[in-house]
Amino acid sequence: MAEKIRLQLTVNGEPRSVEVFPMARLVDVLREELKLTGTKEGCGEGECGACTVRLDGRIVNSCLIPAIQAQGSELLTVEGLAEQEHLHPLQQAFHHHNGAQCGFCTPGMLIAAEDLLRRCPNPDEGQIREGLSGNLCRCTGYVKIVDAVKAAAEGGRA
Amino acid sequence: MRGYVPGCEVKVPVTLAEALDVLAAEPGGWRPMAGGTDLMVLFNAGRMPAGRFLDLSRIEELRGIWEDETTLRFGALTTFSEMRDCPSVHRHLPNLVKSARATGALAIQNRGTLGGNIANASPAADTPPSLLAYGAELELVSLRGRRTVAYDAFHQGYKQMDLAVDELVAGIRVPKPQGLGFHFYRKVGTRQAQAISKLCLAAYARIEGGLIAEFRVGLGSLAPAPVRARRAEAMILGKPLTALQVTAAREALMADICPIDDIRSTVHYRRVVTANVFQQMLEELAHA
Ligand SMILES: Cc1cc2nc3c(=O)[nH]c(=O)nc-3n(C[C@H](O)[C@H](O)[C@H](O)COP(=O)(O)OP(=O)(O)OC[C@H]3O[C@@H](n4cnc5c(N)ncnc54)[C@H](O)[C@@H]3O)c2cc1C
Ligand code: FES
Ligand code: FES
Numbered sequence: 000m001a002e003k004i005r006l007q008l009t010v011n012g013e014p015r016s017v018e019v020f021p022m023a024r025l026v027d028v029l030r031e032e033l034k035l036t037g038t039k040e041g042c043g044e045g046e047c048g049a050c051t052v053r054l055d056g057r058i059v060n061s062c063l064i065p066a067i068q069a070q071g072s073e074l075l076t077v078e079g080l081a082e083q084e085h086l087h088p089l090q091q092a093f094h095h096h097n098g099a100q101c102g103f104c105t106p107g108m109l110i111a112a113e114d115l116l117r118r119c120p121n122p123d124e125g126q127i128r129e130g131l132s133g134n135l136c137r138c139t140g141y142v143k144i145v146d147a148v149k150a151a152a153e154g155g156r157a
Numbered sequence: 000m001r002g003y004v005p006g007c008e009v010k011v012p013v014t015l016a017e018a019l020d021v022l023a024a025e026p027g028g029w030r031p032m033a034g035g036t037d038l039m040v041l042f043n044a045g046r047m048p049a050g051r052f053l054d055l056s057r058i059e060e061l062r063g064i065w066e067d068e069t070t071l072r073f074g075a076l077t078t079f080s081e082m083r084d085c086p087s088v089h090r091h092l093p094n095l096v097k098s099a100r101a102t103g104a105l106a107i108q109n110r111g112t113l114g115g116n117i118a119n120a121s122p123a124a125d126t127p128p129s130l131l132a133y134g135a136e137l138e139l140v141s142l143r144g145r146r147t148v149a150y151d152a153f154h155q156g157y158k159q160m161d162l163a164v165d166e167l168v169a170g171i172r173v174p175k176p177q178g179l180g181f182h183f184y185r186k187v188g189t190r191q192a193q194a195i196s197k198l199c200l201a202a203y204a205r206i207e208g209g210l211i212a213e214f215r216v217g218l219g220s221l222a223p224a225p226v227r228a229r230r231a232e233a234m235i236l237g238k239p240l241t242a243l244q245v246t247a248a249r250e251a252l253m254a255d256i257c258p259i260d261d262i263r264s265t266v267h268y269r270r271v272v273t274a275n276v277f278q279q280m281l282e283e284l285a286h287a
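Read top to bottom, the protein sequences are chains F and Y. The letter at position 156 of the first sequence is residue 155 when you use numbering that gives the first Met the number 0, and the numbering goes up by one with no holes. The letter at position 182 of the second sequence is residue 181 when you use numbering that gives the first Met the number 0, and the numbering goes up by one with no holes.
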């Protein structure tokens with residue numbers, strides 16, 4: 000048996016600390032230890048993007064990150080997008096444009112879209128599709144998601 | 000069945016010397032881990048027994064892209080995103096930028112490393128064809144010392160490499176193309192993102208006085224490891240741009256490859272499409 004480590008990280012602006020095995024997957028740490036169940040697991044192999052979170056400024060698949068590699072990091076999950084009662088502009092746009100149906104891909108889509116708009120505030124359709132190309136959706140056919148991201152970008156702040 | 004998480008130990012050295020000590024003390028006892036984008040997939044799928052991992056990700060000496068007059072040097076931990084973001088890589092090694100863009104999707108590119116792409120030794124990896132075309136060299140390091148191997152001699156068969164169990168890939172050196180260059184990269188997959196190659200072809204040529212003065216072609220998913228198309232190269236090297244023997248070179252190329260049928264494609268498809276992509280490359284070269 001390996002020894003557990005004390006994992007210290009900042010999640011959505013708050014310092015958190017948990018004891019976990021070093022090879023525990025970040026997605027499990029978030030969901031099971033920190034009870035942040037917004038982040039989803041679809042495939043568990045990096046293909047679907049449902050588990051996307053931002054780690055130290057870059058989006059990653061949290062199903063592929065061992066806890067020990069997240070030591071000391073700063074994370075953004077879907078729970079960190081809204082400011083109190085105010086949905087993030089991307090969340091509003093997804094709501095308005097029906098960018099979410101079953102909603103399983105949505106947390107990952109939102110984090111990937113937020114990352115895209117930070118890097119590229121006025122993306123064209125090709126850039127939106129590339130920015131979201133690691134995120135699979137089985138419901139919407141993507142058109143409404145792309146529309147939502149476009150609308151959020153045009154609405155200014157992202 | 001998942002890998003057994005409680006059974007896994009991880010060491011996190013912060014210097015290269017520490018990491019090499021661990022590897023030397025128990026050769027084969029600790030599995031290097033960089034971005035984890037290959038290892039964690041195996042582990043999550045239960046296709047790797049619980050074990051001991053040597054996390055390289057905190058070793059600063061393995062990071063960074065360096066440049067001098069003649070060479071670009073990549074630390075083994077350089078990510079695909081770092082290559083995409085580096086203006087010098089765009090300027091000198093456009094095929095490598097295309098390889099990086101064609102790898103997985105952004106979240107994979109943010110994490111996966113060049114060293115991992117090489118040492119994972121998949122025949123379908125997307126940066127090796129570009130590295131072969133550019134004549135890259137690898138810096139390998141162990142407590143016994145540092146050595147340099149030509150990348151085209153590194154892969155020796157399916158998942159077999161000129162890499163000892165106590166060695167790490169420390170860096171990748173790529174000579175900067177000089178003079179008039181021609182760069183071509185084409186990955187053929189099912190979709191643009193997240194698709195492992197059905198085949199991949201990268202080429203680099205230097206043109207001098209209307210002649211092909213330097214010419215290398217790197218191939219992926221067409222042999223048990225990434226390979227150069229040496230026979231096809233020989234048909235083109237030294238020839239005038241205006242008189243490239245396209246048909247003969249295409250035929251020679253068929254002797255350079257030994258594709259297989261697998262879940263991604265077939266021998267027939269791979270042969271036909273490789274020949275076509277190669278011919279398209281030569282046609283573009285003729286007009287370079
Ligand atoms: C969804 C998905 C899509 C992908 N798409 C592509 C694709 O399109 N094209 C492609 O080429 N790859 C693809 N990959 C595979 C993978 O992302 C790459 O091979 C990546 O470069 C691996 O790097 P890493 O740092 O994550 O390696 P790791 O998983 O950390 O390690 C991989 C192997 O290399 C060894 N290793 C790592 N670094 C060193 C070193 N410095 N010295 C010695 N040994 C070392 C490890 O021991 C291990 O055996 C994909 C993976 C996923 C999950
Ligand atoms: S669950 Fe992580 S990418 Fe699918
Ligand atoms: S809304 Fe159901 S998977 Fe995207």
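Calculated from the structure, these hints are not laboratory results. Because the structure is a prediction, the values reported are computed rather than measured. It is possible that part of the hints are untrue.
Stated by the list, open to error - From chain F, some residues computed to sit far from chain Y (all C-beta separations above 10 Å): (1) V17; (2) T36; (3) G37; (4) G41; (5) N60; (6) Q70; (7) E78; (8) Q83; (9) D114; (10) N134.
Claimed, not checked - Taking lysine-lysine pairs in the DSSO-like style, the calculated list, with each CA pair at most 30 Å apart, reads: (11) F:K3 to Y:K97; (12) Y:K238 to Y:K158; (13) F:K149 to Y:K158; (14) Y:K238 to Y:K175; (15) Y:K10 to F:K143; (16) Y:K158 to Y:K97; (17) Y:K97 to Y:K10; (18) Y:K10 to F:K34; (19) F:K3 to F:K34; (20) Y:K175 to Y:K158; (21) Y:K10 to Y:K238.
Beta carbons: idealized from backbone N, C-alpha and C, even for Gly.
Holds or violated: are the alpha carbons of Y:K158 and Y:K97 at most 30 Å from each other?
Distance ~24 Å between Y:K158 and Y:K97 Cα, so the pair holds.
Quick check for students: does the CB of F:G37 sit more than 10 Å from each CB in chain Y?
It holds; F:G37 is separated from chain Y by about 17 Å at its closest Cβ, greater than 10 Å.
Has the given pair, F:K149 with Y:K158, been kept, meaning a C-alpha gap of at most 30 Å?
The given pair, whose Cα atoms are some 44 Å apart, is violated under the 30 Å limit.
Holds or violated: are the alpha carbons of Y:K10 and F:K34 at most 30 Å from each other?
Distance ~27 Å between Y:K10 and F:K34 Cα, so the pair holds.
Check the hint pairing Y:K97 with Y:K10 against an upper bound of 30 Å on the C-alpha distance.
Status violated; Cα separation ~34 Å.
Are Y:K238 and Y:K158 close enough, with their CA atoms no more than 30 Å apart?
Not satisfied, since the Cα-Cα distance of roughly 35 Å exceeds 30 Å.
Far enough from chain Y: is every CB of that chain over 10 Å from the CB of F:Q70?
8 Å, violated
Restraint check for F:K3 with F:K34, where alpha carbons must lie at most 30 Å apart
19 Å, holds
If we take the beta carbon of F:T36, is the closest beta carbon in chain Y still more than 10 Å away?
19 Å, holds
Holds or violated: are the alpha carbons of F:K3 and Y:K97 at most 30 Å from each other?
Not OK: F:K3 and Y:K97 at ~41 Å, beyond 30 Å, violated.
Minimum C-beta separation from F:Q83 to chain Y exceeding 10 Å: can you confirm that?
It holds; F:Q83 is separated from chain Y by about 28 Å at its closest Cβ, greater than 10 Å.
Say whether it holds or is violated: F:N60 keeps its Cβ farther than 10 Å from all Cβ of chain Y.
The claim breaks: F:N60 does not keep its Cβ more than 10 Å from every Cβ of chain Y (closest is about 5 Å).
The structure does not agree with the numbered hints 5, 6, 9, 10, 11, 12, 13, 15, 17, 21 stated previously, though it agrees with the rest.
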